[in-house]
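Each chain, written out:
2 protein chains.
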Amino acid sequence: MLTQSLCARWQVAGPAEAGSRELTALAEAHGTPLFATRAAMLDERLAQLRAMLPAGMRVLYSVKANARPEVLARLGLLVDGFDVASSAELELARAAAAPGSVLAMTGPGKRDDDLAAALAADAVVVLESLDEGARLARAAGERRPRVLLRINPPFELAAESRMSGGPRKFGVDSEQAGAALAGIGELPLDFLGFHIYPGSNCLNAQAIANGMHATLSLAAELAAQAPAPVRVLNLGGGFGIPCLPGEASLALDRLGESLGRLASEASRRLPEATLCVELGRFLVGEAGVYLSRVVERKVSRGRVYLILDGGLNHHWQATGALEGRRHLHYPIWVVGGAGRPMESVTVCGPLCAPHDTWAEHLNLPRAEPGDLVAVFQSGAYTTAISPGDFMLRPPPAQLLV
Amino acid sequence: MLTQSLCARWQVAGPAEAGSRELTALAEAHGTPLFATRAAMLDERLAQLRAMLPAGMRVLYSVKANARPEVLARLGLLVDGFDVASSAELELARAAAAPGSVLAMTGPGKRDDDLAAALAADAVVVLESLDEGARLARAAGERRPRVLLRINPPFELAAESRMSGGPRKFGVDSEQAGAALAGIGELPLDFLGFHIYPGSNCLNAQAIANGMHATLSLAAELAAQAPAPVRVLNLGGGFGIPCLPGEASLALDRLGESLGRLASEASRRLPEATLCVELGRFLVGEAGVYLSRVVERKVSRGRVYLILDGGLNHHWQATGALEGRRHLHYPIWVVGGAGRPMESVTVCGPLCAPHDTWAEHLNLPRAEPGDLVAVFQSGAYTTAISPGDFMLRPPPAQLLV
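If you read the sequences in order, they're chains A and B. If you count the first sequence from 1, position 9 lands on 9 in my numbering, and the numbers rise without skipping. If you count the second sequence from 1, position 164 lands on 164 in my numbering, and the numbers rise without skipping.
Source of the hints: derived by calculation from the structure; they are not laboratory data. Where a beta carbon is used, it is the ideal one built from N, C-alpha and C, also for glycine. Careful, some of the hints might be misleading.
What the hints assert, rightly or not - Using C-beta positions, here's what the derived DEER-type ranges look like:
| id | chain 1 | residue 1 | chain 2 | residue 2 | range |
| --- | --- | --- | --- | --- | --- |
| 1 | B | G246 | A | A55 | 56 to 64 Å |
| 2 | A | L244 | B | G185 | 43 to 51 Å |
| 3 | B | A120 | A | L328 | 39 to 47 Å |
Claimed, not checked - Partial chain A-side listing against chain B, Cβ under 10 Å, derived:
| id | residue |
| --- | --- |
| 4 | C202 |
| 5 | G311 |
| 6 | P350 |
| 7 | S386 |
| 8 | M391 |
To be verified - Away from chain B, derived, C-beta distances all over 10 Å, residues of chain A:
| id | residue |
| --- | --- |
| 9 | A27 |
| 10 | E44 |
| 11 | P54 |
| 12 | A88 |
| 13 | A121 |
| 14 | G141 |
| 15 | G166 |
| 16 | D190 |
| 17 | A224 |
| 18 | G256 |
| 19 | A263 |
| 20 | L392 |
With these hints in hand, go ahead and build the complete structure from the sequences.
Encoded structure:
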């Protein structure tokens with residue numbers, strides 16, 4: 001079902017469809033493997049999101065999901081700012097950001113050169129600890145950098161409302177926040193508010209909404225101990241996209257209603273605060289497709305193997321190797337394959353690693369060497385979290401179309 | 001025990017030891033994180049191996065394990081050839097190979113440009129299928145490229161002698177080899193012999209020896225159907241190194257005895273064949289150390305976290321994230337830490353990913369920001385299989401010392 005709907009969306013089921021012709025032309029022009037990100041789908045996704053979010057809620061893009069300059073340039077026109085995790089991400093975000101956009105740096109273990117880059121760019125620094133605040137203040141000299149304090153909440157994002165936040169490397173434990181806030185008040189830092197991120201890649205609107213309501217309550221409690229009024233509350237994100245069989249899209253209408261109530265409550269409890277969500281996968285994941293070509297079709301002991309020219313070196317997450325998901329797979333299709341006889345295949349990458357496998361026991365239209373295979377939902381966390389140097393095969397082309 | 005013996009070998013337990021002083025100086029000169037590979041340990045490993053292997057058995061280095069030019073240059077003086085998996089690896093291997101060395105290209109899904117590069121370099125091509133042989137022959141023109149046929153054996157490397165070889169993307173099923181050999185005989189290819197690789201990273205000498213004896217028997221059977229006498233038999237490798245608690249080094253003396261018997265048997269059954277082993281991790285893994293620096297020491301809900309400046313972006317395998325190994329960890333030590341009070345810590349990388357964790361509940365000497373942490377057994381499959389672009393943090397320095 002997911003694959004079918006994505007074939008329809010990308011218009012690639014049959015050979016005469018516009019999407020099939022376009023992707024075939026891209027593969028011929030640029031070689032395979034390649035990633036294509038559809039600009040119109042980025043626009044559409046942001047429009048959906050803006051229609052759902054309460055007025056005034058800001059959208060930050062989490063650059064780690066996809067830091068390609070052409071993608072950032074498009075998003076720069078659409079979002080209110082960028083969240084970065086390193087000085088190199090910051091440099092790319094600055095180049096893409098519209099005037100007046102927010103730049104924020106988040107992440108544990110920021111290096112001194114990261115903090116220096118944040119200062120030079122006048123980025124907001126999301127402090128992961130009071131020690132980090134002290135390092136920032138030392139580096140800041142006469143400047144008074146703007147900071148958020150990241151809180152490790154006593155809850156985490158889950159389909160059931162669990163109160164199970166445990167020890168973590170991220171942020172300051174909520175029960176230690178008072179001491180950290182007092183410490184920040186003594187440093188030459190401009191305290192703006194809180195960053196609380198209870199989890200990621202969730203498809204359950206109610207769970208996300210619950211997490212954000214809990215986040216608001218926690219921030220409102222902690223505000224009493226803060227050295228200044230809370231002017232920014234970053235609620236995190238965690239909006240997922242469906243990638244595996246049986247997964248369904250996030251119910252945006254339901255989430256929107258709940259976030260509307262959240263915004264009303266925030267206007268009472270934190271009247272000076274601008275609310276932000278920070279999204280990566282949700283903004284770019286559905287807009288990308290990975291295309292590779294069948295190099296060989298072989299039969300081994302009764303199983304048909306399609307060996308593609310792309311594998312986990314480009315898109316590890318989709319191979320499932322990361323999570324031991326045998327028999328689960330991203331939505332995969334043979335471009336233009338509708339109408340061909342179907343067969344059960346194992347779809348593999350070309351690497352000398354048994355787990356370089358896209359899918360097993362998957363019914364696909366019969367494919368031959370030269371055919372193009374599309375892996376959908378491939379716009380986020382692709383090359384960014386893949387071992388690109390494995391066997392030193394060529395990097396993929398990356399296109400905004 | 002493993003960590004202790006490695007601290008002794010690298011001389012890093014106490015602050016005054018030669019290794020501690022050297023690594024501290026390297027970190028100061030080159031920044032952290034860094035990988036240092038000790039040339040003398042490469043030499044020593046090859047000397048051990050040569051002393052163990054029967055006379056005349058060749059040693060190929062599998063470039064995918066570590067393709068750093070400085071490492072290849074050293075190994076070029078020590079091995080009989082290089083096994084590569086792509087045209088880029090081939091180019092690096094050619095630059096490093098001593099005159100007369102063997103170059104061989106192996107791997108499923110070889111691209112046409114890989115085959116062209118192999119032809120240009122006069123490399124031996126290890127065919128993964130008859131179709132690949134036909135592609136190679138078409139590209140070869142007047143040349144008659146040298147080939148091995150890779151066989152998917154009916155057994156795999158395991159501590160108990162199991163006969164469980166199943167379907168695979170690698171090679172030609174042994175029961176289909178007759179047809180493939182006949183096909184090769186009709187192509188303008190110079191058939192040299194077989195490549196049979198039953199498994200990797202094994203610490204059980206008996207299992208490796210059993211696999212190699214089974215490989216020889218299979219090759220001798222298949223030789224009857226081959227278009228030419230078997231002049232090369234690549235026995236694979238699979239020699240492991242201990243990385244996890246409780247693992248012990250491969251018993252080389254025992255393996256050597258068994259391979260001696262194998263060589264005698266081969267001289268009767270395949271009298272024209274040169275035997276090869278193909279090794280990656282075993283040659284370089286123990287010679288490398290990964291050094292990173294503590295950026296922050298924090299306590300969250302009763303647990304101590306050391307946040308390092310290096311993580312799974314450089315050395316994914318050692319974090320255990322790949323295999324869900326909670327509470328197992330590579331050998332880790334605080335450089336010069338002997339004599340400090342010990343504490344139980346969670347050692348983390350700096351990335352915004354919960355699984356960017358080196359070890360949990362590990363007893364280490366108390367470490368403070370600025371201290372160097374060494375991860376041993378880090379010479380193979382490090383950056384080669386890590387997502388180097390994750391969060392665009394700087395790449396590690398890589399040094400041969």
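If you check the beta carbons of B/G246 and A/A55, does the distance land in 56 to 64 Å?
holds, 59 Å
Taking C-beta pairs only, is A/G141 more than 10 Å away from all of chain B?
holds, 21 Å
Mind checking the hinted window 43 to 51 Å against the Cβ distance between A/L244 and B/G185?
This hint holds: roughly 46 Å between Cβ atoms.
Since A/D190 was said not to touch the interface, does its Cβ keep a gap of more than 10 Å from each Cβ of chain B?
holds, 22 Å
Using Cβ atoms only, decide whether A/P350 comes closer than 10 Å to chain B, and label the hint accordingly.
With Cβ-Cβ at 3 Å, under 10 Å, it holds.
Given hint A/S386 near chain B, where the shortest CB pair must fall under 10 Å:
holds, 6 Å
The output says A/L392 does not contact chain B. Does that hold with a beta carbon cutoff of 10 Å?
violated, 4 Å
Beyond 10 Å from every Cβ of chain B: is that where the Cβ of A/G256 lies?
Non-interface label on A/G256 holds, nearest chain B Cβ at 27 Å vs cutoff 10 Å.
Taking the closest Cβ pair, is A/M391 under 10 Å from chain B?
holds, 4 Å
Determine whether the non-interface label on A/A224 survives the test: each CB of chain B must be over 10 Å from its CB.
holds, 22 Å
Taking 10 Å as the limit, does the beta-carbon of A/C202 come near enough to a beta-carbon in chain B?
Violated - the Cβ of A/C202 stays beyond 10 Å from chain B, reaching only about 14 Å at its closest.
Note whether the CB distance of B/A120 and A/L328 lies within 39 to 47 Å or breaks it.
holds, 41 Å
The structure fails hints 4, 12, 15 and 20 (numbered hints given earlier, in ascending order).
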